[in-house]
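Residue numbers (the working numbering), protein chains in the order written: chain A, 11 to 280; chain B, 138 to 429.
Source of the hints: derived by calculation from the structure; they are not laboratory data.
Every value quoted in this text rests on a predicted model; they were computed, and no experiment measured them.
Be aware that a few hints might be false.
Stated by the list, open to error - Which stretches of chain A does chain B cover? Using the computed rule of at least three CB atoms under 8 Å from a CB of chain B, they are:
1) 20-27
2) 92-102
3) 241-248
Said to hold, decoys possible - A few chain A residues that don't get close to chain B, going by computed Cβ distances all over 10 Å:
4) Trp58
5) Leu120
6) Asn194
7) Ala251
Backbone N, C-alpha and C fix where the C-beta goes; we use that ideal spot for every residue, glycine too.
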Amino acid sequence: MKALRYLALSIAAVLFLIPFYLVLRNGLATEQEITAPTWTFWPSQIRWENFTDLFTNPAVPMVRSMVNSLVVAVLQTFGQLLLCGLAGYGLARIPYRYSNVVLYLVIATLMIPAAVTFVPTFVVVSTLGWVSDLRGLVIPGLFSGFTTFLFRQYFLNFPRELEEAARIDGLGHWGTYWRVVVPNSKGFFAALGVIAFVTSWNQFLWPLVIAQDQDSWTVQVALSTFLTSQSIDVVQLFLAAAVSITPLVVVFVALQRFLVRGVTETGIKD
Amino acid sequence: MKHGRAFWLFVGPFAIGLLVFVYVPIGWSLLLSFFEARNTVTPAEFVGLRNYADMLTDEPFLRSLGTFSVFAAFIVPLTFVLALALALLVNQIRFMKAFFRSVFFLPTACSYVVASLVWKLSIFNGVRFGLANTVLGWFGADPIAWTVSTSPPWYWLVLVTLRLWLQLGFYLILFIAGLQRIPQHLYEAAWIDGASRGWQTLRFITLPQLRTTSVAVLLLLLIAAYQAFDEFYNVLGSDRGYPPFARPPLIYLYYTALGSGGQDFGHGSAGAVILTLLIAGVTLLQGKVITR
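Please take these sequences and the hints and turn them into a complete structure.
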């Protein structure tokens, strides 16, 4: 029984790792080798020149699009944590006459996935003149009703004694938040931050709509453009894919603890 | 008064953004949906409900809802059952538990674009050197044109396995978290009462205790399938356009509102409003079911 479990899991694990194997195999081989009629399991000789080919190919803005993706993901991660954290705390802890009105406006947006409203958002963002602009890529994604709602639920359960101690020390709401609440909530911030980073790095529809000039492409848009037009060779395309997932694999390995917590927090609201 | 200032200091920046980037677009798009607006985002000519009537009688639009239904009918139960099965297996073992969990979760690091690339150009490449066709070749079968063949529609196999691979780990983690919340004493009590360790405890303890998680997973899967865009666009689309089949709602909307055939924001907005109402209905249902 026990052996059977390990057998089933091992088969599933091998199947799950095949796509990663293919990315590496196809990205490090020569084109003749991967298009040969007989399957080669691993390139007979790893062709490191593929890296130089990819990064010096003038048609492929690999460096530029990676930098764009990184800037967008970092700004969106920290922007969301800042704005949604503050708002979540205000909604959870500061008594105010219209607090419930704002809360309902936030909750109402939870019913509408942002992807479904990409046309309306594009209309507004293009009116602001933010097409093919960093602002257009970053700013509309900052105001996540969902993240704010999660922060509010979290802060509702934050131990009040800690805040009261800060109050006695003469801190106001602002000081309490930054000096007591945030330092004691690092794990939660890290969990939501890692999720925000991964989501931002991998998002495709919005960058496709808004990043129309090549200079503003994120790495996903760049990959997609070359995939759908097949205008660069297959080997370079796979190597580019390998390069594009490297930052996230690093995040996955280094921050898995927070990632798992983040998935559990964002997946199910108890 | 003092509380009011503190409140807006915390909530103000977010509230303004929510207004500008969520509420204004929705309002504007409601407005545009009653107007003729081609290649412009300012309402041109008032047409009443005509855009809605056009959309609701437009065959491709209705077919896109059909495409979503077919896709959901495959991907939702398949992901649910496999994620649950793997979660149960991972949860039952001791040695290498973290390893298996990491392996199944790792695909989440890939974007749908990268997965599409692997599926389209390597696994399900229509020529002889694609992995699937290589394996078929070992058994003497002819290669199959996976992504372009419409009868039988092999592209569903490509799209469903792709999403299954990419999203399964996320739901696996949710199920494992749900399993770990089940109190151990329930199992001990059942064993004392003579329940067998396999099927009976699963049927009478594990599954009922996972009810909240299961409902949440089902609805998250459904909402995610509704928003499917990336893999369809990248596997089936090309710079020569998108094939007339397998267009889920967002693909349809993308080509209506922003496609090369001219930007039609009147119809695009009406479509967005209809799709928003549909998904809002499902989400409301989710709230009802979970809080019940």
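Now the hints, each set against the structure:
Given as covered by chain B, the stretch 20-27 of chain A passes the check, having 4 residues with a CB less than 8 Å from a CB of that chain where 3 are the minimum. Under the rule that three or more residues need a Cβ within less than 8 Å of chain B, the assignment of the stretch 92-102 of chain A holds, with 7 such residues. Look at the stretch 241-248 of chain A against chain B: 3 of its residues bring a Cβ nearer than 8 Å to a Cβ of that chain, three or more, so the hint holds. Every Cβ of chain B is farther than 10 Å from the Cβ of Trp58 (chain A); the closest lies at roughly 21 Å, confirming the non-interface assignment.
A beta-carbon of chain B is positioned within 10 Å of the beta-carbon of Leu120 (chain A); the least distance is around 7 Å. Every beta carbon of chain B lies more than 10 Å from that of Asn194 (chain A), the smallest distance being close to 17 Å; the non-interface claim holds. Distance check on Ala251 (chain A): its Cβ comes as close as 5 Å (rounded) to a Cβ of chain B, failing to clear the 10 Å threshold; non-interface status is violated.
In the structure shown, a violation is registered for the earlier hints numbered 5 and 7, in ascending order.
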